[in-house]
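**Student:** Sequence:
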Amino acid sequence: MTAPLWNLEGVCLNPGRLREVALSIKLGITAVMGCSGAGKTSLLNLLVEYERPHSGRISKEIGESKGVPLFWVPPQEGLWPHLTVREHLRAVGIGTNAEVDFLLRKFDLEGLVEALPGRLSQGEQSRLAVVRAIGSGARVLVMDEPFQGIDDVAARRYWKVLSEHCAANGVSLVFASHDPEVVIREAGEVICLARGEVVYAGSVRELYESPASVELARFLGPVNAIIEAESEAWLGRRQERDLFVRPEGLAVEAQEEGACEVEEVRFGGSIEEVLLRSAKGNITGTFYHRPPGPRLSRGMTVTIRLLLMWMVWVFVSGCEQEDGASLKVKENRAWNLTPVKGYLPAPRGTHVASSDELYVLDNAGRVLVYDANRKLNRHWFMPEYEIGKPERLLLLKDGRVAVADTHYGQVMFFDQQGKVLGTIGKIGREDGEFVYPVALAEDEEGNLFVCEYGGNDRVQKFDAQGNFLMKFGKSGVEDGEFQRPSGIVWREGRLYIADAFNNRIQIFDSSGEYVGILGGTEAADLYYPYDIASGPEGDFYIVEYGAGRVTRLSAEGKLVGRYGKSGKGEGEFVTPWGLSVDGRGRIYVTDTGNRRMVELTQ
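Residue 554 in numbering that gives the first Met the number 0 sits at position 555 of the sequence shown, and the numbers go up by one each step.
Don't take each hint at face value.
As the list claims (entries may be wrong) - Mimicking DSS-like on lysine-lysine, the simulated pairs with C-alpha atoms at most 25 Å apart in a straight line are:
1. Lys329 <-> Lys25
2. Lys329 <-> Lys396
3. Lys425 <-> Lys374
4. Lys25 <-> Lys340
Claimed, not checked - Okay, the calculated beta carbon distance ranges per label pair:
5. Leu115 <-> Tyr49: 21 to 27 Å
6. Gly148 <-> Glu50: 23 to 29 Å
7. Arg289 <-> Ala167: 43 to 49 Å
8. Glu262 <-> Val213: 35 to 41 Å
9. Gln147 <-> Val476: 45 to 51 Å
10. Thr300 <-> Gly427: 40 to 46 Å
11. Val152 <-> Ala463: 31 to 37 Å
12. Pro14 <-> Asn281: 46 to 52 Å
It should be emphasised that the hints constitute simulated quantities derived from the structure, not laboratory data.
Using N, Cα and C, we set each Cβ at its ideal position, and we do this for glycine too.
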């Protein structure tokens, strides 16, 4: 394992600027975030030894380099007032005028080579400070809010040059920023500060996708808060807990019979801020979404829909007890998936074959196959996955592997080595087309049932050759309607469908006729049931995304037991997406928020 660049143990900087800071800063690109006065500059000052801590210990392992090992860009750029632009670069060791000119062109400073810093604008000074740091040849760069005073379009271009330099030369960068978009785009790790304390240190992606609290979530941009008491007014159905949603996880759509009215719209580029008034309860609220089409305007009637479950969080107290009888588990075994380019992927879907091989689908766009001892045997990538990753897979009776390629509007078929055998569907709302296909089931005749969401919440049926046969269901809260049908299983001539946002398991016959709710009027309480599997004893197993647990129900829908709660420890889950059950009753859970697979032996 590579040693970290810095280790900080119990570091304090008085008076109250930093409090008991304990963290490690790795190789790569790390951002430091926080509001004004949170301690960003204080932390960077300690890293470069401009200041010393009043207590605690800091150790560093920066290593050797051709030039200086570390170069610092301080808050006010730290330029030398008596040197010209060209002389700044020659002073840090750039040998030839050609090399100087090359770097200056990259940052649009070629026409200012003889200018002194006092004649430069703030943006030009900011660029010169970065160019000087790059030219130093340092192995580690520390920058306090680089590219200040520069418009977003130009700043993106300069950031690209800086990040390419770091990647090509093995340079690590630690930078302070208050801009979530810059941090998300440029950094792999992030340190979040509040009132001089480290409140988060870890992966940018994990903080964006699986934050531990709404306060942490807001470090990386706006979050919609839908509190339990107002959920029926906004979503049309009462939720059991408060929900928090990223802008891309929520849609505000014009609809003639919508229950909300637009009072104000503020367009901010990729994110639109909308002030709404709900007819139910006469309440107002501000929502952030990424508009897919024409802008909304004052007076429009609209509806709010939740889109991406992985962008919806329910923050539950770690001491909250699970409801009902306990599901007895003899052994809990967890493992992480193999990294991809330094990133630890999270599992989404899983299926266990009769051969005891375990198939896992992850958010890196891979299908991974584990042997009976749960050693990785083989894997393959989806042919395309840049715009979004698939969510479910199923091993069919004829040996093909079917994958719901969610964001490409299709179902793909592979052999068991990953060779593409064919597809069905395309993006659309007609018969045989999909908006977001998400879950799969197969009957005894080889017919395939595909669940779909995205305003087109329904189930379609295809024969073994991929021909469209029928469809049933629509978006809604009534019997036979769905709000995100995210899991499906076929058993004894019936379909059991996890209707996630409606918190129920609906039953249909093979023709798509509605039969009822699993458990009927005494159905067990479920909180975002996100997948369902059938066990060898005839019971059903359900993973609850909102409650962070596995629930076992009898064939009639009576509660047998529950296991787990929301959290990061053993026996805890964070936003689990899927599960499967093998012939011996072992349960496999994709503990998505914790980025691990979990095997439970009953």
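**Student:** Could you run down the list of hints and mark each one as holding or not?
**Tutor:** Checked hints:
Between the alpha carbons of Lys329 and Lys25 the distance comes to roughly 38 Å, so the proposed pair goes past 25 Å and is violated. Restraint check: the Cα-Cα separation between Lys329 and Lys396 comes to about 31 Å, which exceeds 25 Å; the hinted pair is violated. Distance hint between Lys425 and Lys374 is unfulfilled; the C-alpha atoms sit about 35 Å from each other, more than 25 Å. The straight-line distance between the Cα atoms of Lys25 and Lys340 is roughly 15 Å, inside the 25 Å bound, and the hint therefore holds.
As the Cβ distance of Leu115 to Tyr49 is approximately 24 Å, the hint placing it in 21 to 27 Å holds. Between Gly148 and Glu50 the beta carbon distance is about 25 Å. The supplied range of 23 to 29 Å therefore holds. Checked against the given bound of 43 to 49 Å, the beta carbons of Arg289 and Ala167, roughly 33 Å apart, lie outside it. The given range of 35 to 41 Å is broken by Glu262 and Val213, whose C-beta atoms sit roughly 24 Å from each other.
For the pair Gln147 and Val476, the supplied restraint of 45 to 51 Å holds, since their beta-carbon distance comes to about 50 Å. Range check, Thr300 to Gly427: about 26 Å between beta-carbon atoms, so the 40 to 46 Å window is missed. For the pair Val152 and Ala463, the supplied restraint of 31 to 37 Å is violated, since their beta-carbon distance comes to about 52 Å. Separation of Pro14 from Asn281 is about 48 Å and conforms to the stated range, judged on CB atoms against 46 to 52 Å.
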